[in-house]
Amino acid sequence: MDTTPLAIGLVMGFGMIGPGIGMGTLVGKALEAIGRNPEATSKIQTNMILGLAFTEAIAIYALVMALILKFV
Amino acid sequence: MSANLHISISAEPIWHFGQLAVSNSIFTSLIVTTLILAFAVGVNLQLTAKKAGKKISTLQNIAEFLVEGLYGLTQSVTNDHGKTRNFLPLILSFFVFILCNNWFGLLPGVGSIGFKEVEGEKTAMVLQQDLSLPAVQAYASETSPLKVVEATGEVGSQPIESQTGIAPATEAPVAEAPEAHAEAKFVPYFRAGTADLNTTLALAIITALSAQIWGFSYLHLGYLKKFFNFSNPIMFFVGILELVSEFSKVLSYAFRLFGNVFAGEVLLAVMGALVPLVVPMVFYGLEIFVGAIQAFVFSLLSIIFYQVATLGHEEHESK
Numbered sequence: 001m002d003t004t005p006l007a008i009g010l011v012m013g014f015g016m017i018g019p020g021i022g023m024g025t026l027v028g029k030a031l032e033a034i035g036r037n038p039e040a041t042s043k044i045q046t047n048m049i050l051g052l053a054f055t056e057a058i059a060i061y062a063l064v065m066a067l068i069l070k071f072v
Numbered sequence: 001m002s003a004n005l006h007i008s009i010s011a012e013p014i015w016h017f018g019q020l021a022v023s024n025s026i027f028t029s030l031i032v033t034t035l036i037l038a039f040a041v042g043v044n045l046q047l048t049a050k051k052a053g054k055k056i057s058t059l060q061n062i063a064e065f066l067v068e069g070l071y072g073l074t075q076s077v078t079n080d081h082g083k084t085r086n087f088l089p090l091i092l093s094f095f096v097f098i099l100c101n102n103w104f105g106l107l108p109g110v111g112s113i114g115f116k117e118v119e120g121e122k123t124a125m126v127l128q129q130d131l132s133l134p135a136v137q138a139y140a141s142e143t144s145p146l147k148v149v150e151a152t153g154e155v156g157s158q159p160i161e162s163q164t165g166i167a168p169a170t171e172a173p174v175a176e177a178p179e180a181h182a183e184a185k186f187v188p189y190f191r192a193g194t195a196d197l198n199t200t201l202a203l204a205i206i207t208a209l210s211a212q213i214w215g216f217s218y219l220h221l222g223y224l225k226k227f228f229n230f231s232n233p234i235m236f237f238v239g240i241l242e243l244v245s246e247f248s249k250v251l252s253y254a255f256r257l258f259g260n261v262f263a264g265e266v267l268l269a270v271m272g273a274l275v276p277l278v279v280p281m282v283f284y285g286l287e288i289f290v291g292a293i294q295a296f297v298f299s300l301l302s303i304i305f306y307q308v309a310t311l312g313h314e315e316h317e318s319k
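Keeping their order, the protein sequence lines are chains A and B. By the numbering used here, the letter at position 14 of the first sequence is numbered 14, and the numbering carries on one by one without gaps. By the numbering used here, the letter at position 169 of the second sequence is numbered 169, and the numbering carries on one by one without gaps.
No wet-lab data here; the hints were simulated from the structure. Ideal Cβ positions, reconstructed from N, Cα and C, are used throughout, including at glycine. Treat the hints with caution; some may be incorrect.
As the list claims (entries may be wrong) - Below 30 angstroms or equal to it, Euclidean Cα-Cα: the simulated DSS-like pairs (lysine-lysine) are:
(1) K122(B) <-> K70(A)
(2) K122(B) <-> K185(B)
(3) K83(B) <-> K185(B)
(4) K43(A) <-> K83(B)
(5) K70(A) <-> K55(B)
(6) K116(B) <-> K185(B)
(7) K83(B) <-> K122(B)
(8) K116(B) <-> K43(A)
(9) K70(A) <-> K249(B)
(10) K185(B) <-> K70(A)
(11) K29(A) <-> K249(B)
(12) K83(B) <-> K249(B)
(13) K29(A) <-> K43(A)
To be verified - What the simulated footprint calls covered on chain B by chain A, stretch by stretch (three residues with Cβ under 8 angstroms from a Cβ of chain A suffice, anywhere in the stretch; the number is not a length):
(14) 25 to 33
(15) 257 to 267
Just chain B, same shape as in the assembly:
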């Protein structure tokens, strides 16, 4: 059955512009970015064209809710309005971008609409799911007994590579186009941006770099004292630990987000293959929750990262 589930740990290229390969996760991220931009421009237009006595629109409500909520969250960590105003734009961008990407990955069609590439020729297709109900099986064996027998033989002889023909419903839930080549690989057009390690790594690196920049701008050269402190041996080793933790933070931020979102996609794919009806609904609910929590956690951890970077060691200890 695992051979018929489409699970790929890395994003796959869907187009090539010269040397530049556009992967499906980049494509999805661009769509999400466009949507967010459209939202921001829409809110801006409404704010500038606002007349007295007009009712607050839904768009403005959503935007205000987002800004106020995250402002409160940042403020509760930093306790400094100046800092909060500095950090908020990045934090808000992280939150909205990750949230929209996580939820975009749950839309129907994402991961199931794609193409098969056979010898350079692309065939658009939709990944389909057979219902393994007794009635459907009986219908399948009545209408196409030959194909089913053929497919069963193939499944028996080479269980991993078998991708051709209409597979028997009991054995394999995903039926592929009969004309598909044996080596043809299914590539979806869309893949949630955060389900690609490159995206999450990029976000984590942005967080780490901006933390260094703010560390320098708030503490100036005193920021370096965190990492290179020769006053006594203990502080020297603490400095080394701090230096290592700056790098390990990048990895842990990236893997946390990627692991959660990708694990969610695998969970949905497996559940959809096992029980195609009703049961995946529960897991979709779970994934909506997990997507929101992960966006929140990433922003909160970034705030704390910034706050720790902009606090000197002395202040840190006195708190």
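Next up, chain A with everything else stripped away, as it sits in the complex:
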């Protein structure tokens, strides 16, 4: 039995848990900060997007792994 599709599914499924939690926390905290200090919105937004990019990179590693499993 070919277990590769299962592996791809597991890689994506488990790989998305951490970044999902991280992104949720990050955006939640950023919104909290904007709520407290609306004048700093643009600065917080820039840093938030930067943090999101770093968090997302971890999800991308899982995606790359899945792509390698699927196509290579």
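Keeping the supplied structure of chain A fixed, place chain B upon it in accordance with the hints.
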């Protein structure tokens, strides 16, 4: 169904100039570069030929918006006008190049107009999509019952390799040219440049190399103290970590951009195959947003990379 989706992780060669293979992503990058050059030359011509009292043109407005926006962004990180003026040309090039490449990949025809190569003979074709509506299915079975039965048999016997004939609409959304050979592979003429790992790796290497050059030009030989510091054991290990992170940055920059753009293409292809009408529109909107964000993130990370490289360790700690 996956057999009928055209997803390729690497760019495919479309022409050969002697030994040099021109892949579809290089071709698209060249087109985008030409467009950007034309834009820059157009703005330059308008600026030089400007007469007093003339209204500011749209081109100039766009160019000013880009330059001012990125100047402000770089300035907010570096806090030094000299540095900003040094970094801005590269940052601006990264931003515009990545943005245009990302958005070029969303144009209709990119990834769907191509050719099939059968024994060295190229047949131009367009990747088509069958609507799996009941009426269309009924029409298909009425007009060509034989072909549908034939194709169904093939799909049942060898689900992966089956590429011939008009596939039944329920089973496979992409109908290929009936005369296509079983092993024929579809190769699109265009592929977004940033959806190719080679392009993003090249961009990441340019970023890393220019960071080293600026590090040396701002800190001179003191730049090496970041990596080789023998004053105490802790700083020695920090130096090793810094050295490794310079290389891992290249990989992470390249994979972030490639992963996002390629994942977007796969998402659009899958959504287009599942629900060909209306639904992909939403995802096109998402991809326009993601393309802009990724261009922004790459430039912002490059600015920070440069800024960290041009700051000495002492300044870094005092901040």
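Each hint tested on the structure:
1. A C-alpha spacing of about 28 angstroms is found between K122(B) and K70(A), which places the hinted pair at or below 30 angstroms, so the restraint holds.
2. Our distance criterion of 30 angstroms between C-alpha atoms is met by K122(B) and K185(B), whose separation comes to about 10 angstroms.
3. For the given pair, K83(B) sits about 50 angstroms from K185(B) by alpha-carbon distance, which is inconsistent with the 30 angstroms threshold.
4. With a C-alpha separation of about 20 angstroms, the suggested pair K43(A) and K83(B) falls inside the 30 angstroms cut-off, and the hint holds.
5. For a cut-off of 30 angstroms, the pair hint linking K70(A) to K55(B) is broken: about 55 angstroms separates their Cα positions.
6. A C-alpha spacing of about 6 angstroms is found between K116(B) and K185(B), which places the hinted pair at or below 30 angstroms, so the restraint holds.
7. For the proposed pair K83(B) and K122(B), the alpha carbon gap of about 51 angstroms is over 30 angstroms, so the pair is violated.
8. Taken as a hint, the K116(B) and K43(A) pair is broken in the structure, with Cα atoms around 50 angstroms apart against an allowance of 30 angstroms.
9. Taking the CA atoms of K70(A) and K249(B), the gap is near 25 angstroms; set against the 30 angstroms cutoff, the hint holds.
10. As the CA atoms of K185(B) and K70(A) are separated by approximately 18 angstroms, the hinted pair is consistent with the 30 angstroms bound.
11. As the CA atoms of K29(A) and K249(B) are separated by approximately 26 angstroms, the hinted pair is consistent with the 30 angstroms bound.
12. With a C-alpha separation of about 21 angstroms, the suggested pair K83(B) and K249(B) falls inside the 30 angstroms cut-off, and the hint holds.
13. Taken as a hint, the K29(A) and K43(A) pair is honoured in the structure, with Cα atoms around 14 angstroms apart against an allowance of 30 angstroms.
14. For the stretch 25 to 33 of chain B, the proposed coverage by chain A is not satisfied: 0 residues have a C-beta within less than 8 angstroms of a C-beta in that chain, short of the threshold of three.
15. Interface restraint, the stretch 257 to 267 of chain B with chain A: holds (4 residues with C-beta to C-beta distance below 8 angstroms; minimum three).
Checked against the numbered hints above, the structure violates hints 3, 5, 7, 8, 14; every other hint is satisfied.
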